[in-house]
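**Q** Got chain A sorted already, so can you dock chain B onto it with the hints?
Number of protein chains: 2
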Amino acid sequence: MQDAEIIAVGSEMLTSQRIDTNSLYIADQLNALGVEVRRKLIVGDDRPLLTDAIRSALEHAGLVILTGGLGPTEDDVTRQAVADALDRKLIFSQEICDGIEERFRRRQRKMAEINKRQAYVVEGAEVLPNPNGTAPAQWIEHQGRVVIMLPGPPGELKPLFAKECVPRLMKLLPAQVIRARFYRVTGLTESDLDALIAPVYTKYTNPSTTILASPGDIQIHLRARCGSAEDAERLLAEVGGPIEELLGRHLFSLNGDPLEAIVGTLLRERGATLSVAESCTGGMVGERITAIAGSSDYFVGGFVTYTDRLKIDLLGVDSELIAQHSAVSKEVARAMAEGARNRTGSTFAISITGEAGPESSTGAPVGTIFVGFAGPDGSPEALRFAMPGDRPRIRGFATQAALDLLRRRLLKLD
Amino acid sequence: MQDAEIIAVGSEMLTSQRIDTNSLYIADQLNALGVEVRRKLIVGDDRPLLTDAIRSALEHAGLVILTGGLGPTEDDVTRQAVADALDRKLIFSQEICDGIEERFRRRQRKMAEINKRQAYVVEGAEVLPNPNGTAPAQWIEHQGRVVIMLPGPPGELKPLFAKECVPRLMKLLPAQVIRARFYRVTGLTESDLDALIAPVYTKYTNPSTTILASPGDIQIHLRARCGSAEDAERLLAEVGGPIEELLGRHLFSLNGDPLEAIVGTLLRERGATLSVAESCTGGMVGERITAIAGSSDYFVGGFVTYTDRLKIDLLGVDSELIAQHSAVSKEVARAMAEGARNRTGSTFAISITGEAGPESSTGAPVGTIFVGFAGPDGSPEALRFAMPGDRPRIRGFATQAALDLLRRRLLKLD
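Residue numbers (this note's numbering), protein chains in the order written: chain A, 1 to 414; chain B, 1 to 414.
Pulled out of the complex, with its shape left as it was, chain A reads as follows (with noise of 0.2 angstroms):
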């Protein structure tokens, strides 16, 4: 049980236009339980194949997740593979059926016939429900060894997993006591920021340090393993600390939630209301912070102005400036975000304009990003930026930027 084998099932995977990215949390959730993880195995939607794999790796590992191919078409061979695998029966269900039955009822549809395929089980398996989609899990238990069939779509598979799958597998496990520590940070680069802190972490291997970088947005993860929870807690704290002084002002996130998040919740704290006005992102800032639940407690809207006559007309932007600066400036970032407050009526605005390419349609180069703020308190301001990468990654950073450059005034850091 301490070794386990992935098998994501699907054809899809098997070309350019599809990564398995189940197997990342997957493997995330079993090392942070003392699991590791020896092989990942990506197989068509191919019976006996699978079937094969299926049993090689019940000789390699003590617990096998099988992710995908649980869906209702012929293509979905999970089941029956597991079912000749471990030589046992599928069995219909007509529990299961009723379920999927009324799920399809409650959103005033028919379940198709094809459906009922979801509801055979291996003989013996232990089903566990699945909120958010059609085909349940399954937990079969076989010879010593663990055998998890799990759906492939992520939002089904992740809190299935957490909710049923971590802690039966808890039971089985060694007792021991994981604690982490999920920092987030932005304005540095990954090579900077290791440069930094790596004099810090290398000198444990207990907590384990994981970096993972993305456009403006670079996570720490420190796991501590220890036989209590006060000893994984003091060296979090001993490796964490100095780690948190060190990243000051750049770090944004304790405890892993997205800048949105942190953004909002400071904006709750202060009973303040936020605008928006986005010309180059198009709508990226505004779908980011309305991804985060109960944002219309702070936010109230925004505009999206992607023409210059646009940003005269809804966010009253001077026509000389533009003319006189450009529509990518600082004179015009800090214009659209008065204009978004002014015609709002919102506590705090934020801006953005900028060339995202692939080519420049302004003059600027690529990359080139006007972040501003307005507030009730002194003028506007706006900052510069050059972006590297692509026209999604310029944007990715650019919106990073905006939310960022809000988070350090409502701290009034800087």
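Please note that the accuracy of each hint is not assured.
Just so you know, same-sequence chains aren't split out, so a pair can sit in one copy or run between any two.
As the list claims (entries may be wrong) - The calculated lysine to aspartate or glutamate pairs, modelled on DMTMM-like cross-linking and capped at a C-alpha distance of 25 angstroms, are:
(1) K203 with D76
(2) K116 with D217
(3) K110 with D194
(4) K116 with E190
(5) K158 with E190
(6) K412 with E245
(7) K163 with E359
(8) K163 with E233
(9) K116 with D192
(10) K158 with D75
(11) K163 with D390
(12) K110 with E74
(13) K110 with D217
(14) K158 with E12
(15) K158 with D390
(16) K158 with D217
(17) K203 with E113
(18) K116 with D194
(19) K116 with D76
(20) K110 with D192
(21) K110 with D390
(22) K163 with E101
(23) K203 with D46
(24) K110 with D414
(25) K171 with D28
(26) K158 with E359
Hints listed in this document are in silico derivations from the structure and should not be mistaken for laboratory results.
Owing to the predicted nature of the structure, the values given are computational and were not obtained by experimental measurement.
**A** Coordinates of chain B only, in the frame set by chain A:
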């Protein structure tokens, strides 16, 4: 040789920190040659486990490609595992060793003793030169099968594979042509879609059919493999033709382009412009439209009106309308689209208002979405949807529904 298995070697790819991306490149290259990847495996730096994996791969596939594990350290076990699996010796090559030394010398560095490990060759292997690194690739023909060992760094692997492996593989493979169609569909569930088109595609194994579903967007890949391009195209037409007819207005893309690109092309062709008014999606529609480079040709911008107040102030929605029908209503969706069109002067406008959850703040059930449309002809209109799933899923569906309503109106469908 028509079937391949890819084995990526490296413990780092069993954590969440590093994804195996080499295999995506290799899969693409192999597919273009008519070779199907049947399994992808990721194995840690574990010699017995890797040896087993290679033996098992040789039972299933005519071509086994290993990536990584060719470095100079103890951890690098690929050479040894391949030799073990094929029951061959490892032989020291003075020529490779000299090449590595020369490489170090050119950079004014001395070769470490440890690098000599990289000069070992599996008995009988052909050495493929690696101009970008110290470890050469190796090509081994074994009982009618081919085993290729490639270095892990993508900057070494890709040029090496393209220059050395592709031509060798072409000589061994029958002349074959692959042609594909890539459909995208919205407004159907995966099971309804499958019930509709399975009677057509299940009659054929060539072309192969793969169906991939994400919220409001189902992809169908048809891939034909034939001796000539004409035969492949004829087969695709034979299967694709009836599928296109059955899918009708639900089929939005014939070339794999996303919906935002499809509506962008339609708007550009018509010399028309677009604006948006978003409530619960918070900017997601604008974000998707502006993700397309060149969208400034037709997209002017829009409004994120998260509060009732802003729906009234920015879009001119009648406050009586909101009081009477609530903000989540057909009437308000229509008025939002009309308001966006009036205030921006765009040819067309689309709008979204709804209840994305997790709790209802308006009394409407979570998942209730209204999508509005306004254009130069006829009155503004709106459609009601009951979207399944959680907040991100509902917002994704809503965005897709709004873009699809626009597409259908531009094409005068329904």
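**Q** Each of the hints needs a verdict: does it hold here or not?
**A** Hint check:
| no. | hint | verdict |
| --- | --- | --- |
| 1 | K203 with D76 | between (47 angstroms within a copy, 17 angstroms between copies) |
| 2 | K116 with D217 | between (44 angstroms within a copy, 23 angstroms between copies) |
| 3 | K110 with D194 | between (55 angstroms within a copy, 15 angstroms between copies) |
| 4 | K116 with E190 | between (49 angstroms within a copy, 14 angstroms between copies) |
| 5 | K158 with E190 | between (27 angstroms within a copy, 21 angstroms between copies) |
| 6 | K412 with E245 | within (17 angstroms within a copy, 61 angstroms between copies) |
| 7 | K163 with E359 | between (47 angstroms within a copy, 21 angstroms between copies) |
| 8 | K163 with E233 | within (24 angstroms within a copy, 48 angstroms between copies) |
| 9 | K116 with D192 | between (55 angstroms within a copy, 13 angstroms between copies) |
| 10 | K158 with D75 | within (23 angstroms within a copy, 32 angstroms between copies) |
| 11 | K163 with D390 | between (38 angstroms within a copy, 17 angstroms between copies) |
| 12 | K110 with E74 | within (20 angstroms within a copy, 59 angstroms between copies) |
| 13 | K110 with D217 | between (44 angstroms within a copy, 20 angstroms between copies) |
| 14 | K158 with E12 | both (20 angstroms within a copy, 22 angstroms between copies) |
| 15 | K158 with D390 | between (30 angstroms within a copy, 13 angstroms between copies) |
| 16 | K158 with D217 | both (22 angstroms within a copy, 21 angstroms between copies) |
| 17 | K203 with E113 | between (60 angstroms within a copy, 20 angstroms between copies) |
| 18 | K116 with D194 | between (52 angstroms within a copy, 14 angstroms between copies) |
| 19 | K116 with D76 | within (12 angstroms within a copy, 48 angstroms between copies) |
| 20 | K110 with D192 | between (56 angstroms within a copy, 10 angstroms between copies) |
| 21 | K110 with D390 | between (45 angstroms within a copy, 21 angstroms between copies) |
| 22 | K163 with E101 | within (24 angstroms within a copy, 55 angstroms between copies) |
| 23 | K203 with D46 | between (44 angstroms within a copy, 17 angstroms between copies) |
| 24 | K110 with D414 | between (59 angstroms within a copy, 23 angstroms between copies) |
| 25 | K171 with D28 | within (18 angstroms within a copy, 43 angstroms between copies) |
| 26 | K158 with E359 | between (39 angstroms within a copy, 21 angstroms between copies) |
Hint compliance for this structure: every hint is met.
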